[in-house]
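Since each chain comes alone in its own frame, lean on the hints to assemble the complex.
Below, each chain spelled out in residue letters.
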Amino acid sequence: MHMSDTVIQNHEPNYLEYQGRYKGIFAWIFSTDHKRIGLLYLYSMLVLFSAAAILGLLMKIELIAPGKTIMDAQTYNSFFTLHGITMIFLIVVPGLPAVFGNFFLPLMIGAKDVAFPKLNLLSWWIYIAGAAIVLSSQFFGDGPPDTGWTFYAPYSFRTGTNMLPAVTGAFILGFSSIATGINFIVTMHRMRAPGMTWMKMPLFPWALYGTSWIQVLATPIVGITLLMIVLERTLQIGFFDPALGGDPILYQHLFWIYSHPAVYIMILPAMGVISEIIPTFARKTIFGYKAIVVSTLAIAFVGYFVWGHHMFTSGMSGTALYTFSILTFLVAIPSAIKIFNWVATLHKASIDIQTPFLWALCFLFVFMIGGLSGMVLGALSANVHLHDTAFVVAHFHFIVFGGTGYAFFGALHYWYPKMFGRMYDKGWANIGLAVFFTGFNTLYLPMFYLGMIGMPRRYYDYVEEFHGPNIVSSFGAMLMISGLVIIITNLVRSARKGEIAEADPWKGKTLEWTVASPPPLENFAEIPVVTKRPYDYE
Amino acid sequence: MEKEQHTHIVKYKTYVFVLIALLLMTFTSVAITSLNLGPYTVSAALLLAGSKSLLVLLIFMHLKFDKKFYSIMVGGVFLLFASVIFITFLDYLYR
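Chains as they are written, first to last, in our numbering: chain B, 1 to 538; chain G, 1 to 95.
These are computed hints drawn from the structure, not numbers from a lab.
Even for Gly, the Cβ is constructed at its ideal location relative to N, Cα and C.
If you only want the chain G side, here are some residues facing chain B, beta carbon under 8 Å, derived:
id: 1; residue: 80
id: 2; residue: 83
id: 3; residue: 88
id: 4; residue: 91
Not close to chain B: a few residues of chain G, all C-beta gaps over 10 Å, as computed:
id: 5; residue: 7
id: 6; residue: 9
id: 7; residue: 21
id: 8; residue: 29
id: 9; residue: 36
id: 10; residue: 62
id: 11; residue: 63
Bound-form chain G, shown alone (with noise of 0.2 Å):
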């Protein structure tokens, strides 16, 4: 049904530069396991890791590029999964 094609070259320069970002980032996540952040813990890995999923889905995958029909998809996708983490905790938290 949908016929148009659209290409978007993305320059050399910027894949280095993402590439970099998530190394330093695989860097830090190993790093900050030697510091004591409490309860944090977990929530900083986390939030390292979801940095680097955002980009790699962006840049590498497109996502930036595409049209926001996908980017919305995508989005239910990440709602969805962190729906049933929440639920899950409504055990977790309250047991």
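One chain only, chain B, in its complex shape (with noise of 0.2 Å):
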């Protein structure tokens, strides 16, 4: 069969409907249905994301003046500490994986569930564990984590906060991430559809692929190195306190073995998203399906040996920091080449603009000013002016914010209609995006100027001289949270009052439409039979 060619019409009832073993919430939480867990994962991190946005926008109101505003220092501390740790642990890195890996993977691969469907479900549920343990850190014990999403040593032991229960949870947290690499690789090796080589695969589940072997590889490193602080703290063991005849350092090297690849973790599946919406809406082949494919495990095997990038300024070896800048230049290549790879896409194409195709330009723009500042810091002589500083800041919330989070709404409003069977209000949407994106480049735009001039991060006061700059950018946070209270309100109205929406409503060209929408429990009534490449519009 061509993909997308028929729609199967099944008369199975549709996964929402379904009612199995178990009844109200259960039917919910004890579901081993991919797309059900799929949307577990977007509500709770719907919930998570919404309570950490509004802590970003509580520490830019702090910083609206200079001095205390309505925070003092040490709740400003424990404030970015939460933000970081919820938003990075518990939203970017599991996220498009989680949500749209989870719901999409095997209707794109046409497959009826993953490889370990009950894995999967203990995957969530340890998620959840370990969610609740973290945020269990902020109302027991000595009081808020102060340190930062980093837990970097010696401060981490060292600090009276109520470290041991952020740092396990966040421990905890790695084995839902590495079930779910272990489970999708699986999927993906043994449950393609007959005739789906892998040449003939969608492009987001080759994302899923590459980042479903870092989750597997890095997460380990992350998972003993958090175990080395709880025993550092609780047996005074001495890896990296310096008073035990511990090296610092070696805490920074181990952290971020496993917390750079984890920004490829969070970008990888972002470009995946892209490269299955531009071709949609430019109802055109993409440009350079193998060169986007090999980019994407360029992009993951070099991910692996740049961590020292995060240390320019730690005191690391000349010889090491010469190979770790080198290193981090060449991860540009294969993300330029994704790039161009869009933009040719898109030349001659007959655009339908929608929605979602709109995310993906903004994704574009936001993430070439992520990618391209990352390059500044990169550079070594420039990274020790701007090392700590708002500039650091804002680069990398135009690359995780601006590239995984545009790519997460872009997703959303691109699968919406297939995930509940309604479309939302497409005016509203747009208009919902245009304010988001107005917000948030007044956001972070001014803290790359901030940095320049010399602005610490992390602090709740600053001097007198950054004052304009920061009222500016404080006004883009509140600005970027109306624009997510508009995109937010219309998706949940739209999930019960929205028009039904049609199978294919975007004339899409992956197996996920040629099933009905919302799909049937067991997605495909028959397998399908693959017989060409995806994204077929000649």
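In structure tokens, the structure reads:
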């Protein structure tokens, strides 16, 4: 069968209506259906994201004027710590694979579910347990942690705040990530539809494949490192504390050996989403399919060897500094290959401008700014000046929020009709995006300038010279949150009241568009046979 | 996609030999801690631990009897690990 030429009619109840062994909420939290698990992650993450975004807004309100505005220094320290831990460990690292990978990987490769559905459900339960333990650090013990999300040694075992639950929770979350990674790798190796060779697999699954390998191979390192902090705090072993004969820079090595590849866990699936959206709305075969696949794997591979660029001012050897700087510049090559391929796909295309496409275009804009500012930080000389300033905060928000966040909302608007069987209000969706995009740039662009003139990150106070750009940035934060409120309200409201969506509202060509919206419980009445490449618009 | 199934039954005798070898290497790794090997202490411990892992991977985890593809994948992972260690030591050795 040609991908998406025929819509498979299925008389099975859809996954939202299906009544299994359990009722009510138990039909969700004990469901092994990959689609329900995807939605469980989505709802969990939306709640956590809203809370962490409010923390971010409160921090920006604190920074609207020098001195104490709405909180004291210690509260500010715990706010940026919780904001970082929640956003990184609970949202952007698991985000796209857990929500859209779970929901769409089996649909896109023509399978009825993932390879290990029970392990999949266990991953969500581990995720919730880890999240609960992390959040408990706020309410029990000796006050919320104040180390930042990186838990840098030696402060992380000297601070009197409640470190152990935060670190233990992050350690437990790693198991969820590894289990999902293994599940996806096996699913793609063993369960692709007949005829779907590796080179006929759509690009979002390819991105998930690269991501899964990083999850499986890099996450154990941070797991062990976090465990070492726990042992250091409880047994005073002396891995990282110089007073006990340890080396604090060893902590930074171990932490970033995972946490830099984790940036690629965040961004690779985002790139996969963009590779799905662009050909669908360009009505054109993606330019350079193989180059995109190879660049995905190249980013995943080279991404393992660049962790040291987080440590340029930590006191590493000169040899290590040059090596990490060169390797960092190398990652730009496969990233640029993708950008050029997406732009080339748009060349002379019959573009249908819809909300998901606009999200993809905004992604290209902000990701380019994030990527190019990363080149500035990758250069040793510039890094000495900009390290630990607001410039770095602006850079990684352009990459992490601008990359993964935009792709997440792009994916949500792209696959929403398939997930819920209803269409959102496109007018409000576009207004929400416009407000959000304007707010985003107003918030983060001034921070590049602030960093260049020397404003350090992670301070609740600043000198008068930094006041003007901080007012603009804080105003941007309010605007951006207003945009988010419009976007999320529209999506939540439309899940019940939106127009009924057809099976293939965007005229997509991949397999998920061949099943009904919402999909039936087991996706395909008959497993499809794939004969052509994805994105075949010719 | 891959449909063929392949089973290989390992003899009990082989398992017993591997078990004895693993136990011997464990005792050796404990015993050599009493010797002063100087700069070779870590290398000796890693060599013994590495040999034990290799035995477990090849025999207990059936890598020896599986398709070459899996050996290549596991080899790739070890290569990655070795590269990470090598790059880390570009800091420690030249500091």
